[in-house]
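A.B. asks: Chains as they are written, first to last, in the working numbering: chain X, 50 to 142; chain C, 50 to 142; chain S, 50 to 142; chain E, 50 to 142.
Derived from the structure by calculation, the hints contain no laboratory data. All clues given are correct.
Since copy identity is lost for identical chains, a pair holds within one copy or between any two.
Below, in silico cross-link-like pairs of lysine-lysine (BS3-like), each with a Cα-Cα straight-line distance of 25 Å or less:
# : residue 1 : residue 2
1 : Lys96     : Lys57
2 : Lys62     : Lys111
3 : Lys111    : Lys141
4 : Lys57     : Lys111
5 : Lys96     : Lys141
6 : Lys96     : Lys62
Number of protein chains: 4
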Amino acid sequence: MRGYTADKDDYLKRLRRIEGQVRGLQRMIENDEYCIDVLTQIAAATKALQAVSLGLIDEHLKHCVAQAVAEGGPVAEEKLREASAAIGRLVKS
Amino acid sequence: MRGYTADKDDYLKRLRRIEGQVRGLQRMIENDEYCIDVLTQIAAATKALQAVSLGLIDEHLKHCVAQAVAEGGPVAEEKLREASAAIGRLVKS
Amino acid sequence: MRGYTADKDDYLKRLRRIEGQVRGLQRMIENDEYCIDVLTQIAAATKALQAVSLGLIDEHLKHCVAQAVAEGGPVAEEKLREASAAIGRLVKS
Amino acid sequence: MRGYTADKDDYLKRLRRIEGQVRGLQRMIENDEYCIDVLTQIAAATKALQAVSLGLIDEHLKHCVAQAVAEGGPVAEEKLREASAAIGRLVKS
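Looking at chain X on its own, in the form it has when it is part of the complex:
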């Protein structure tokens, strides 16, 4: 059981759509499509990945982190530290 388990199908659907977008990008490159159009599609795929990340962070805070915090102790601290590090990676990616 993970924070995202209840929405698993939704996440899988979104990731399959992103996979389709990345395959579409390959076709665009193969067909020598215009650079700016390729860039627009990459921006769309990147935004979609970012939205998945934000959804996962939200679920993670609401479930894994909240549960650890409710239990307290070193595990709670570790979960909080880990969540902050993940947020940092997300902001910088």
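Given the structure of chain X, go ahead and fit chains C, S and E onto it with the hints provided.
C.D. replies: Relative to the frame of chain X, chains C, S and E by itself:
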């Protein structure tokens, strides 16, 4: 012929690798892997897409935009305006 | 008392340094300095602001959110929702 | 003369406003204002800096880079390489 044509195989290889990363993300979700590990992989895929974008922008400036500018006139202006808009979308994505 | 209260002096020092960077940017523009050098300095100021944000989010999770979660109830939910929204704004800024 | 020279006053006005935002952030921290409100203001200042960057990049491409490209030779190549590097720093900041 596009700015990226000379490096087409390299771009295709990178996009296929990103497609594989997105499929890997689906497997992670299917297997209920730990949220933070999924997030780390999404950050990697996002960074890889971003690197493709930066490469395409670079080629686009060096080829399409530079050629239009060398020819001058309204096409040059249009290409420059379009490149700036694409950079803006990239920065905000 | 806020999550950042214990590190207040550190945050103030960092923000004063950022204020100095932004004043430095004005001097660069006044002196017609090279665009690329101005851009490099803006990137440095932006990164410094981002680091302040990440620090504040970290403190906020460790203090305000953790405390609300330990107490439970609707306040905890509201704090979690609010933290996720702030992370979203940070990622998109 | 720089790409931004014609809009110098506008850039200075925007940077003074950003300086004011950063001073406002210091007051918020001094007054122990709520972390989330501080974060919202940092996101606004970051977006404002980013908008200045995008404006400068646009002017730089339209003036310095376009002129170098029109003249051709190694300076043009150097300007293009430099612009791409600045775009990369902007995307990652």
